[in-house]
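*Asks:* Chain order of the listed sequences is A and B.
Here my numbering runs 1381 ahead of the position in the first sequence, where the first position is 1.
Here my numbering runs 3 ahead of the position in the second sequence, where the first position is 1.
Everything labelled a hint here was simulated from the structure, so no lab data went into it.
We put the CB at the ideal spot given by N, CA and C, even for glycine.
What you were told as hints is all true, and nothing was included just to trick you.
Facing chain B, from chain A, some residues (calculated, C-beta under 7 Å):
1. R1501
2. P1513
3. A1515
4. P1619
Stretch by stretch, here's where chain B covers chain A in the computed footprint (C-beta under 8 Å, at least three residues):
5. 1478-1484
6. 1488-1494
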Amino acid sequence: MALKSKEVGSFREAIADIPDGATIGFGGFAMPGVAFNLIKALLDQGAKRLTLVGNTTGGAQVPRMPDMGMLVENGQVAKVICAFTAATRPTDVLPFTKYYESGECDAELVPQGTLAERLRAAGAGIPAFYTPTAVGTELAQGRETRVFNGREYLLEHALPLDYAFIRARRSDTFGNLQFHRAQRNFNPVMATAARVTVVEVDEPVLPLGAIDPDQVHCSGIFVHRVVQVPPEPEGLWPTRRQERRR
Amino acid sequence: MSDAVKGLTRQQMADRMAFEFRDGWIVNLGVGIPTMCSNTDLGDVDFIYHSENGIIGYGPVAPVGEEDLNLVNAGGQNVTMKPGGSVVHHADSFAIIRGGHIDATVMGAYEVSMGGDFANWKLKGQKGGGIGGAMDLAACAKRVFIILEHVTRRNEPRLVEKCALPITARGVVTLISTNYGLFEPTGTGFLLREIAPGLTVDEIRATTGGVLTVADDLKPVKLAG
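So that you can see chain A by itself, here it is in the shape it has in the complex (with noise of 0.2 Å):
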């Protein structure tokens, strides 16, 4: 019996039985890897009181893609985890900033590598870990550090998501993935954290042997959904970022 294919026709259809209170990952760091077709899709889809994890809630760059501060936007959000609730230049100021310190929506603040821990940990059956970063600041206020070898680390705990949005470059049927520079970013660790991880792929989907096993950077078995960004202007695609202003 062949492997039935995860290929989905449309970006609706893949993110359809997202229900209210869902926990979603979105991959992608600046704009590569980011899944701004499905984040459109879940823009119209509706779904309430979700938890979105990812780097950042973005809004920082121009032009403006679809980001998870457009959901807190539109009213779907409680909580958000990530490692920016703010822009690093004091300067900028991120649409989400004003719907966090109103109160309208929760935000959790993660380093960036802690949050990527949190994932693989969870994609990988361990329950939390210790590391050395945030020790001795705010963050670590009131909770559980131990010292192993002379050195003080913090506890952390798994991130597990019920489902990931993430953006690959091909994909076979069975969703065996292929990233392009920097799209890979936090992809295949969102990938293995998720129950339901949907793919939005750059290339038509392969028949299966079509990628050399050798060569996929995210295994099919972390994968569920696979979706193919049709062009511009239908599909949304990378654009070049333009310079902001000082």
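Add chain B to chain A, keeping to what the hints say.
*Replies:* Here is chain B on its own, set in the frame of chain A:
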């Protein structure tokens, strides 16, 4: 802030820090002035740039029209790859950091203390902040170098006895490049090792928090060219 401030330009501050890099080092540059370290001509000294998003061995920013829109550094710039470069996922990228494989990380900061603490993720009165990879890099890189302007816009010191803002990491900073000179936090003060042209020790002491000591062999800041 513009280059019109006293002492060194932003590029000169970055150049001075880049002169510390040694052949074969793995270096992570933060956004802002630290990124300008990549403009410094270091001759035959060759090293590898690591970016938090798993891009290892990136090169200069791509010429307009030749960008690969799926290739960026941590600052979101469309960079190029150098021969010998590689790509890993985010968890492995931070395994490189936490595992102690980064020889030097260069970051900006709002404040640095005499004890080598620094603050760069949260402003006073702000709810939340922008940590990114700074706490991982600060806790785990072999060397933490900070580049910052010596005083705030209100002429208040950024080199301080104790950080007033929430810190990024405790006791990790080994070297500081400002527009006024090159400093080392010693635990009990700041050691001025090199002084910028046009500045006096008295001027620097007046605009530095905590204790300022002066190296016996105080030199002018090493400049490019």
